Amino acid sequence: MLSLIFDMDGTLFQTDRILETSLHDTFNHLRSKGLWEQNTPIEKYREIMGVPLPVVWENLLHGYSDQIRQQANEWFHEKLIANIEAGHGALYPYVEEFFQSCKEKSIPIYIASNGQIEYLNAIVNYYHLDEWVTETFSIQQISSQNKSDLVRTIVEKYKITKGMVIGDRLSDINAAKDNDLMSIGCDFDFAQADELAQADQVIDSIRELKALIGVL
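First residue of the sequence shown: 1, per this note's numbering; consecutive thereafter.
For the record, the hints were derived by calculation from the structure and aren't laboratory data.
Remember, it's a predicted structure, so these values are computed and weren't measured experimentally.
Note that CB positions come from ideal geometry on N, CA and C, so glycine has one too.
Treat the hints with care, as some may be off.
What follows is a set of in silico ranges between Cβ atoms, one per label pair, in the way DEER data are often shown [to be verified]: (1) 192 / 74: 24 to 32 Å; (2) 144 / 59: 17 to 25 Å; (3) 1 / 33: 50 to 58 Å; (4) 33 / 94: 36 to 44 Å; (5) 105 / 24: 39 to 47 Å; (6) 205 / 21: 21 to 29 Å; (7) 180 / 82: 36 to 44 Å; (8) 16 / 162: 26 to 34 Å; (9) 180 / 31: 46 to 54 Å.
With a Cα cut of at most 20 Å, we get these calculated SDA-like pairs of lysine to any residue [claimed, not checked]: (10) 79 / 121; (11) 162 / 177; (12) 159 / 107; (13) 157 / 170; (14) 162 / 92; (15) 79 / 55; (16) 103 / 214; (17) 33 / 70; (18) 162 / 1; (19) 79 / 135; (20) 79 / 127; (21) 159 / 135; (22) 79 / 30; (23) 79 / 25; (24) 44 / 59; (25) 44 / 24; (26) 105 / 159; (27) 162 / 201; (28) 103 / 134; (29) 177 / 213; (30) 44 / 25.
All chains, please: the whole structure from these sequences, using the hints.
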C-alpha cells in the first residue's frame, strides 16, 4: 500500500501568512529589551526556512547567548500559535480535498515536520487534520534533529515499504532518498530551485498529486 508523508510548513500550511508578523513581533520584543537594533531579518529566515528552530536562532542571533536564543524561540513560538488560533494562517489550496480523496481510497497520510510539537498541534487542531492524518511527527521526538531519521521513525513504526515524502525543502527530498521513498518537491513559497532539482518529481499544487500517484 502506498503511504504519503508530508512536510507541514510551506507544504500543507501557508506559514508565510503568519511568519512576518510573528517574526516582527519577536524582534520588536528584542528591541524593547535593548537586544536588537537592526531590521527584522525576514529574508535571512526565508533562506533557511524548514530547518529546526534551534538552528534558525543560531543563524538569526549569531553571537548571542543560548539563553537569549531560547527566549527568542519561545516568544516566536507563542506568536505563531496565537496567529494560528486567531485564524490568520491557511492550508494550501486543495489540501483538504486531496486528503479526503486519500481517506476514501484508504491511503494513509503522515506528517513529518521540523516544527515543534505544540505548534504542530495548534495547526492540526485548528484545521481538524486528525480527520485525515494518521499521526503527526515532530523533530522534537528524535535526538538527532535530522529529518531523514524522523521519516525513518514513521517508516519503521508503520512498516512502510512504498511511499512518497512530499515537501518543499532539501531536507524532505533527502529524507525520501535516505529511506528509499519517492521524493515530491513542492514549488511553493519557500522552495529553492536548486533543491527542487534533486526531487524525483516537482509539483506546483497539491492538486497535481492526484494524477501523480495515479490511484485517485
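Do the hints match the structure? See the list:
no. : hint                 : result
1   : 192 / 74: 24 to 32 Å : holds (28 Å)
2   : 144 / 59: 17 to 25 Å : holds (19 Å)
3   : 1 / 33: 50 to 58 Å   : holds (52 Å)
4   : 33 / 94: 36 to 44 Å  : holds (42 Å)
5   : 105 / 24: 39 to 47 Å : holds (42 Å)
6   : 205 / 21: 21 to 29 Å : holds (25 Å)
7   : 180 / 82: 36 to 44 Å : holds (40 Å)
8   : 16 / 162: 26 to 34 Å : holds (32 Å)
9   : 180 / 31: 46 to 54 Å : holds (48 Å)
10  : 79 / 121             : holds (15 Å)
11  : 162 / 177            : holds (12 Å)
12  : 159 / 107            : holds (14 Å)
13  : 157 / 170            : violated (23 Å)
14  : 162 / 92             : violated (25 Å)
15  : 79 / 55              : holds (18 Å)
16  : 103 / 214            : holds (15 Å)
17  : 33 / 70              : holds (15 Å)
18  : 162 / 1              : holds (6 Å)
19  : 79 / 135             : violated (25 Å)
20  : 79 / 127             : holds (18 Å)
21  : 159 / 135            : holds (14 Å)
22  : 79 / 30              : holds (14 Å)
23  : 79 / 25              : holds (7 Å)
24  : 44 / 59              : holds (8 Å)
25  : 44 / 24              : holds (13 Å)
26  : 105 / 159            : holds (19 Å)
27  : 162 / 201            : holds (16 Å)
28  : 103 / 134            : holds (10 Å)
29  : 177 / 213            : holds (17 Å)
30  : 44 / 25              : holds (16 Å)
Comparing the model with each earlier hint shows violations of hints 13, 14, 19; every other hint is respected.
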